[in-house]
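K.L.:
Following the hints, complete the assembly by docking chain L onto the known chain Z.
Okay, here's what each chain looks like letter by letter:
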Amino acid sequence: GIQVEQSPPDLILQEGANSTLRCNFSDSVNNLQWFHQNPWGQLINLFYIPSGTKQNGRLSATTVATERYSLLYISSSQTTDSGVYFCAVRNFGNEKLTFGTGTRLTIIP
Amino acid sequence: DVKVTQSSRYLVKRTGEKVFLECVQDMDHENMFWYRQDPGLGLRLIYFSYDVKMKEKGDIPEGYSVSREKKERFSLILESASTNQTSMYLCASSSLGAYNEQFFGPGTRLTVL
Numbered sequence: 001g002i003q004v005e006q007s008p009p010d011l012i013l014q015e016g017a018n019s020t021l022r023c024n025f026s027d028s029v030n031n032l033q034w035f036h037q038n039p040w041g042q043l044i045n046l047f048y049i050p051s052g053t054k055q056n057g058r059l060s061a062t063t064v065a066t067e068r069y070s071l072l073y074i075s076s077s078q079t080t081d082s083g084v085y086f087c088a089v090r091n092f093g094n095e096k097l098t099f100g101t102g103t104r105l106t107i108i109p
Numbered sequence: 110d111v112k113v114t115q116s117s118r119y120l121v122k123r124t125g126e127k128v129f130l131e132c133v134q135d136m137d138h139e140n141m142f143w144y145r146q147d148p149g150l151g152l153r154l155i156y157f158s159y160d161v162k163m164k165e166k167g168d169i170p171e172g173y174s175v176s177r178e179k180k181e182r183f184s185l186i187l188e189s190a191s192t193n194q195t196s197m198y199l200c201a202s203s204s205l206g207a208y209n210e211q212f213f214g215p216g217t218r219l220t221v222l
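Residue numbers (the working numbering), protein chains in the order written: chain Z, 1 to 109; chain L, 110 to 222.
Only chain Z is shown next, with the shape it has when bound in the complex:
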């Protein structure tokens, strides 16, 4: 099956810093999503981005499908950005999402 790797596994930053999270995947995909898992365990949809670039406030994401990676950018980090960020992909002919192992982001005041 498709493999999804995320880096770094852990990231600790001061409030106000910028960060880049990476997601590499092993096969062509028709669906890529970024999620933020909050401290209560809920997965919050950040981006649906099988290709191209999107921005939403302080967050933006870029997927280069031909090179099989996606990047999530967080600018001017706030403590509420803390949590685990997951990348998940789906490839053609498959209904299920395959998740990466996540990046745990900790923002220190």
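It is worth saying that the hints were derived from the structure and are not from the lab.
Possibly wrong hints are sitting among the right ones.
[What the hints assert, rightly or not] Lysine-lysine pairs mimicking DSSO-like chemistry, simulated, CA-CA at most 30 angstroms apart:
1) Lys164/L <-> Lys96/Z
2) Lys54/Z <-> Lys112/L
3) Lys96/Z <-> Lys162/L
4) Lys96/Z <-> Lys180/L
This structure is a prediction, so every number in the text was calculated from the model and none was measured.
P.N.:
What follows is chain L alone, placed relative to chain Z:
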């Protein structure tokens, strides 16, 4: 906004009990999914359903069954709960088609004693 709700946030059951986890979505989505999340193992698909009364096994279906009698509702059943089924259970839904987004419920943290 898509809304996926789960019947309980926290649940404590005893070994051998029959456990029902309920999930409801309000966006008329065809697909519904049950995942479990464990430290170090990530999210793994248990079952999914693409239509009423239809189901497909995911990666780890052993010890679980599902029921989908209505389009908006998808139930996960633990016939005889065991301690290794202590986990976070997440329900999701999406529309049919090659390009679609999955939306998740708040999760149920199940502890089996």
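K.L.:
Are the hints correct? Go through all of them and say.
P.N.:
Do the hints match the structure? See the list:
1. Between Lys164/L and Lys96/Z, the direct Cα distance comes to roughly 13 angstroms. Compliance with the 30 angstroms bound is thereby established for this hinted pair.
2. As the CA atoms of Lys54/Z and Lys112/L are separated by approximately 23 angstroms, the hinted pair is consistent with the 30 angstroms bound.
3. Among the hinted pairs, Lys96/Z with Lys162/L is consistent with the structure: their alpha-carbon atoms are about 18 angstroms apart, no more than 30 angstroms.
4. Using a Cα cut-off of 30 angstroms, the hinted pair Lys96/Z and Lys180/L holds, with the two alpha carbons roughly 18 angstroms apart.
The structure meets every hint from the earlier list without exception.
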